[in-house]
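Asker: These protein sequences, in sequence, are chains A and B. Using my numbering, you'd call the opening residue of the first sequence number 5 and step up by one each time. Using my numbering, you'd call the opening residue of the second sequence number 8 and step up by one each time.
Careful: at least some of the hints might be erroneous.
[Stated by the list, open to error] Not everything, but these chain B residues come out facing chain A in the computed CB check (under 8 Å):
1) Ser91
2) Phe144
3) Arg145
4) Leu147
5) Tyr246
6) Trp271
[To be verified] Label-pair distances were calculated between CB atoms; the ranges are:
7) A/Ala252 with B/Gly124: 27 to 33 Å
8) A/Leu169 with B/Glu88: 28 to 34 Å
9) B/Glu88 with A/Ala123: 41 to 47 Å
10) A/Leu25 with B/Arg145: 46 to 52 Å
11) A/Leu45 with B/Arg26: 57 to 63 Å
12) B/Ala86 with A/Leu181: 43 to 49 Å
13) A/Phe177 with B/Phe24: 52 to 58 Å
14) A/Arg133 with B/Gly142: 36 to 42 Å
15) B/Glu88 with A/Ser195: 55 to 61 Å
No lab work stands behind these hints: they were computed from the structure. Glycine residues also receive a C-beta, built at the ideal position from the N, C-alpha and C atoms.
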Amino acid sequence: MLGLLWANITAHLIYFRRSRLLLAFGLVFLGIIVLFALPQLFMATKLTVFDVIRIALDEMEIFLVIFSAALGLFLVSSHLRARNLKMVFTKPCPPGLWLVSAFLAAILVSLFIQLLITAVAMTACLAFRLHVQMGVLFVSLDSFAMCVGMIGYLTFLATAMHPVLAAVFVVFFNPSLFYLLRVQMLGFIESGSKNALVRILEPSFQLVYMALPVFHAFSDKTASVRASLRVDHGQWMHVFGAFGYDLALAALCYCLSLVFLQRKRLI
Amino acid sequence: METAQPVIAAENLHVHFRRGLIGTPATRIRALDGMNLEVREGEFFALVGQNGAGKSTAMYAFLGLLRPTSGRVRLMGGAPELGSAIYRGVAYLPEEPHYHLYMTVGEALRYYGSLYGRRVADAEISSALDRLGLGPFRDLRLSKCSKGMKQKLGIAQCLIHDVRVLFLDEPTRGLDPIVVVTVRDVLRELHGRGLTVIMNTHVLSEVEMLATRVAIIERGRVIAEDSLEHLLRSEQALYQVTFEPNGSTPEYLLHAERRGEVVWGTIPAERLHDFMQFARDTGARLVECSLKKVTLEESFMKILKGDSGSSGVPNPPGPIPPEPLKTG
Chain A
5 MLGLLWANIT AHLIYFRRSR LLLAFGLVFL GIIVLFALPQ LFMATKLTVF DVIRIALDEM
65 EIFLVIFSAA LGLFLVSSHL RARNLKMVFT KPCPPGLWLV SAFLAAILVS LFIQLLITAV
125 AMTACLAFRL HVQMGVLFVS LDSFAMCVGM IGYLTFLATA MHPVLAAVFV VFFNPSLFYL
185 LRVQMLGFIE SGSKNALVRI LEPSFQLVYM ALPVFHAFSD KTASVRASLR VDHGQWMHVF
245 GAFGYDLALA ALCYCLSLVF LQRKRLI
Chain B
8 METAQPVIAA ENLHVHFRRG LIGTPATRIR ALDGMNLEVR EGEFFALVGQ NGAGKSTAMY
68 AFLGLLRPTS GRVRLMGGAP ELGSAIYRGV AYLPEEPHYH LYMTVGEALR YYGSLYGRRV
128 ADAEISSALD RLGLGPFRDL RLSKCSKGMK QKLGIAQCLI HDVRVLFLDE PTRGLDPIVV
188 VTVRDVLREL HGRGLTVIMN THVLSEVEML ATRVAIIERG RVIAEDSLEH LLRSEQALYQ
248 VTFEPNGSTP EYLLHAERRG EVVWGTIPAE RLHDFMQFAR DTGARLVECS LKKVTLEESF
308 MKILKGDSGS SGVPNPPGPI PPEPLKTG
């Protein structure tokens, strides 16, 4: 079974290495993020070097989360659209195992990039004698937990719908948007609005908000670390909690993806 | 052969497709409509039929790629659950080359081989590729390969792994004649090793060359199933004669056609002696006389025409009833 798993992971890694779509997507997003971060780098002085490292780390973590989401989405959707899974499942390789290998391959790539970002950030901290290595590690772990959740969620969406629809779904159906909408509806109600639509929409938005996955669990608890790159002893619990949450989310998404994958017509 | 285990057994197999979002029974497409079929170990079984007859659907159902609406399929004695251990003995060559196009020829062969749960050695890959003339293209991406090369890759994966059953969906469609001959040779060799082959095809000449048993499918049903030998023998009671008559032609000469001095035609076997006597008596010059060979195409057309007026009740699989001889 391990041999089979490794064979599939190797195949997925070959896909990641050769997918021009993924490369283009990564380069575009990296370009956008670098463009945003570049002015800060030019204005860096010895006094502001901490901020520069912190902002660059933040930007790179955002890039990695988006890129990880793309890994899961592109891998599954491209195989489904190329209809080559029938070559896999008509051999003694069950869909569940293939799906596990897809998750693991995406997580491995994400982990590799995460390690790269962490190593560069830590080296920069050491070079400028900033003793915030634990903070960098904390932010990296926190972001990687998000990546795991994102990979699971996008993999699930890729099995359930067209990849473009999946991307649109993620952009528009995010908990922050529905939280804001709900707060707005609550504001209308508080201000004495008698509109029936508002009274229907408020719980509906609340329901959608509750149903949608939150990728950055305990974000309110870890925000201070992200701002200062300094960790208090008790704050590590939050990052482990976030890992637990995202792993559970990935497991749920795996089960749902498997149901959808088995119902797909692979011919 | 009769005692061999069934590799595939389909019982009253129905596969219906929904047309549109809301499918009613009236608007459903009946791709398979009560198919009964049994393929035994060691057979080279050909599924033939017109476009849309249900050949590919049947193959997908046998492979577990389509779930039957009703009825039962057994593949090597078990239910075809995708990815299950049953597939250890199965290889499948799809009609369209839906392979992992981002891989090279060598990588794909290694990957497909490793999905059978074993490590594929470099030497095995090289040997299989060389056998099919793909050796020089080992490092070429599949996205850059021609259809023929991809088909050869599909065959190569069967050479690498000792499978028991090979499913071929239009294996030579769109291939050039040289590749067709290569593929045919390899298939003959694999079948010679005891492999059971199930092939979908439109190319009847290919079936004649390779198959041992044939099922003709029409509107999702098996309308005829028999050994190729029997299908081709069904009209061997006729002789094809070519002669230069010296005046009249005998009245029992069928399908007579005159081109200048020469007459072509067929005669019933029981009148062969009379015809020889006629030639001697009238001084006709006999150019050629041979047992009439029936092509599969002729049998196929006859069976299909015979079925066109049927009431839609599925015919039970079995020998084809003897056809009445056509008269001139």
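Asker: May I ask you to test the interface hint for B/Phe144 with respect to chain A, counting a Cβ-Cβ separation under 8 Å as satisfied?
Answerer: This hint is violated: B/Phe144 lies away from chain A, its Cβ roughly 17 Å from the closest one there, beyond 8 Å.
Asker: That 36 to 42 Å hint for A/Arg133 and B/Gly142 (C-beta), does it hold up?
Answerer: 59 Å Cβ-Cβ, so the 36 to 42 Å window is violated.
Asker: Quick check on B/Arg145 please, does its C-beta sit within 8 Å of some C-beta on chain A?
Answerer: violated (15 Å)
Asker: Quick check: does the Cβ-Cβ distance between B/Glu88 and A/Ser195 fall within 55 to 61 Å?
Answerer: holds (59 Å)
Asker: How about B/Trp271: closest beta carbon in chain A under 8 Å, or not?
Answerer: violated (47 Å)
Asker: Return holds or violated for the Cβ distance of B/Glu88 and A/Ala123 against the range 41 to 47 Å.
Answerer: holds (45 Å)
Asker: May I ask you to test the interface hint for B/Tyr246 with respect to chain A, counting a Cβ-Cβ separation under 8 Å as satisfied?
Answerer: violated (47 Å)
Asker: Indicate whether the distance between the beta carbons of A/Leu25 and B/Arg145 respects the range 46 to 52 Å.
Answerer: violated (26 Å)
Asker: That 27 to 33 Å hint for A/Ala252 and B/Gly124 (C-beta), does it hold up?
Answerer: holds (31 Å)
Asker: Given a hinted range of 52 to 58 Å, is it respected by the beta-carbon distance of A/Phe177 and B/Phe24?
Answerer: violated (32 Å)
Asker: Does 43 to 49 Å hold as the CB distance between B/Ala86 and A/Leu181, or does it fail?
Answerer: holds (46 Å)
Asker: So does A/Leu45 sit 57 to 63 Å from B/Arg26, Cβ to Cβ?
Answerer: holds (59 Å)
Hint compliance for this structure: hints 2, 3, 4, 5, 6, 10, 13, 14 are broken, all remaining hints hold.
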